[in-house]
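Read off the chains here:
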Amino acid sequence: MAINSIDSSKRTRLVPQNFIDGEHSYTTISEILAGVVLNPKPPTVWFVATGLGFCVLNVMLLAVTYLVLTGTGVWGNNQPTAWAWDIVNFVWWIGIGHAGTLISAILLLMRQSWRNSINRFAEAMTIFAVMCAGLYPLLHTGRPWLDYWLFPYANTLGMWPQTRSPLEWDVFAVSTYFTISLLFWFLGLIPDIATLRDRSQHPLVKCIYGLASMGWIGSAKHWFRYEQAYNILAGISAPLVLSVHTIVSFDFAVGIVPGWHTTIFPPYFVAGAVFAGFAMVLTFGLPLRSVYPQIKDFITEKHLDWMAKILLATGLIVFYGYILEMFYGWYSGNTYELALVYNRLFGPYKWFYYALIFCNGIFPQLCWVPQLRRNVPFLFVLSIIVGIGMWLERFVIIPMSLTRDFLTSSWGYYAPTEWDWALFIGTMGFFVFLLFMFIKVLPIINIFEMRDLLMKNHHQFGHGHDGHENSEEAH
Amino acid sequence: MAHVADESPKLFGIVAEFDDPDVLIEAATKTRVAGYRKFDAYSPMPVHGLAEAMHFEDVRIPWMAFFGGITGCCLGLGFQTWIALIDYPMNVGGKPLFTWPQFIPITFEATVLVTGLTTFVSQFALNGLPKPYNPMFNAKNFDRASQDRFFLCIETRDPKFDEASVTEFLQGLGALDVSEVPA
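Same order as they appear, the protein sequences are chains S and H. Numbering follows the numbering used here, in which position 202 of the first sequence is assigned residue number 202; successive positions increment by one, without gaps. For any residue, its number in the numbering used here is found by taking its place in the second sequence, counting from 1, and adding 475.
Keep in mind the hints are simulated off the structure, nothing from the lab. Keep in mind that a hint or two might mislead.
Said to hold, decoys possible - Calculated pairs, DSS-like style, for lysine-lysine (alpha carbon to alpha carbon, straight line, at most 30 angstroms):
1. S/Lys296 with S/Lys456
2. H/Lys615 with S/Lys206
3. H/Lys635 with S/Lys440
All values derive from a computational prediction rather than experimental measurement.
Take these sequences, add in the hints, and give me the full structure.
Structure, rendered in structure tokens:
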């Protein structure tokens, strides 16, 4: 008993803060969060954003249709740059997705209860971002209707995919990542869908939510197994998310192109992914807070502050990666690696490199100032700049190395075409459209985990009835 | 409690409604101590300590996940080995066919995939979901079990079940309301 009380006091010490602002009860939490979905009249901004997303989504459909009808030649890719925006954007999108898994799985395992209010929405981002990402390699195969060839299936040709290739690893990594993220997301949604089922008035709406809730009744026995399953999924998602971006980085690191063949790639890609992903959580989370002011009690300034701190930390790791890349180039003494360092600094794409250093290395340092970490307009600008910076990082890695490799005769210059732009901007529309549709249909904040947080707050801060004041000073 | 006994003959159980998770834990403990076995508690979020109070334990999901993982791992590694060594051997510069380090990424992904699918499916299977109809939905006020209220239901299949005594017992637990659940 004595040991127990000491242990629990240490644990509460780790999270000494209350992550719910204002006075809330289980009733108000359910009302506010389900109300965002069940409100028959969404705010005007919702219509504007969804409409805009839908229009831009059509640009994507146009770009895909034209590409499929014509061929990948419509892109700017050509020798020596066989990989260009398609893979830049693939890596960028998949990196954005990673914050969702980090927030929902890794922070869950670390008992970071502040994640409860941002995980749902970040997980949705993960799924939509992976959808956008997956589109690029699938289209880049040139004949997307034969993409099932990527999977090992018994075929009349008697052939199998080459499982020694990082590109084949990608197929498995990304498809597993998408599947597991979807399962994890859906599992997390079930109790909340049950809340929506019980709160909705319209019989058809009730019926749809009723079917989707799988008949969830909140039985203690069900919760027990549910939490087991949820934690196991979190436990496997954590190494999964690390493996996905590691494997994505293998696409480059296993190759011998100058600037790609380094061991720093896996950790530096993973950190970059989290960096970009948290930036995207802020890019969408901040406008959401102003469109739905009622959720400000749940996504508080403390959350913004902590997210900014994570941005700063992962940004520093990424910056360290940039410095090490330069160091490796110099220290290797290899002519081609040295030439790459020179080209980054003084080559045809040097401004991209300088912009990258500014966006990811210099600008995020402002997060050291505590007032700025809670300043919404600043954070929004920061998140956009980091998003651009992470895109530049992939651009610097990919076309910059490919256009300046071993033989001067095979040097070249890469520029995107209008169809590269159309597809890239189109996927953004796709992402925005899906995200806003999600906001209208499913709760953006995990309702049952907010109730759980409230219960913990009651125990911790004594709003409830049982006196745990003795755990204040136990050591 | 006033409206007991003259309804349909089919009864699923007697339910008590609470507004606090800690009271629910206490009630579950008392119910178990009183000797009831076929009862369940319902809450809008996982209440830690409730399963313990009910003496409920089930370790099948972690084990299923574990064996799912082993299966995925064997499938992943075995399939790649079979392709590389037996069905489609390819001589790449005289290098060995069994290049196991290069099989690790897909083996890992297969492990995760099968573990995840097993966990997901077994959660539903063991919980008996999806189940569109559940007698508990007939319970009074039960739509709040997914929002802000906590319920404890002693079912008729409990050997000790007796309508009058169960009702009286539940009323003694500090419930807001006690009512019957038609099956």
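**Message:** Taking the earlier hints as the rules, which of them does this structure contradict?
**Reply:** Violated hint (a single one): 3; every other hint is consistent with the structure.
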